[in-house]
Amino acid sequence: MSCPLLDFGCHVGGFLAPVQAFWATWWWLGLFDLGLILGAFMGPRIVIALNTIGFGWWLYDRFKPIPEPIETDLSPRDREPAPKRPKPILADTSIFEDFMTRLRKKK
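Residues 95 to 201, numbered by the working numbering, are exactly what the sequence shown covers, in order.
No wet-lab data here; the hints were simulated from the structure. Be aware that a few hints might be false.
Unchecked claim - Pairwise CB distance ranges, derived in the manner of DEER restraints: (1) Thr146 <-> Leu99: 50 to 60 angstroms; (2) Asp192 <-> Leu123: 52 to 62 angstroms; (3) Trp120 <-> Asn145: 36 to 46 angstroms.
Just so it is clear, CB atoms sit at the ideal spot from N, CA and C, and this is done for glycine as well.
Please take these sequences and the hints and turn them into a complete structure.
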């Protein structure tokens, strides 16, 4: 990448691009290491408690019941499902079958 001489934003961006690429690839490993370091200072009981709370929160959010939709007064036209489109005639036949049926009709 070539930058003009006095374009400092371009130079700083080019200098920091490898750092950004490294962070974009390995952010999860950095968070894991941060957890290990904090766990060394706080102790295993607090780490286990925080993991248990986080896992319980994840389970609660994952399996909480979906609320029922609010009933509204719809007109009878809106209550009915939309009409289905008819299938094309040749949708479930192959080209060969179509060709053979046309040959039979000509005889």
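| task | Using the Cβ atoms, figure out if Asp192 sits within 52 to 62 angstroms of Leu123. | result | holds, 58 angstroms
| query | Given a hinted range of 50 to 60 angstroms, is it respected by the beta-carbon distance of Thr146 and Leu99? | reply | Cβ of Thr146 to Cβ of Leu99: about 57 angstroms, so the range 50 to 60 angstroms holds.
| message | Quick check: does the Cβ-Cβ distance between Trp120 and Asn145 fall within 36 to 46 angstroms? | response | violated, 22 angstroms
Violated hints amount to a single one, hint 3; each of the other numbered hints is respected by the structure.
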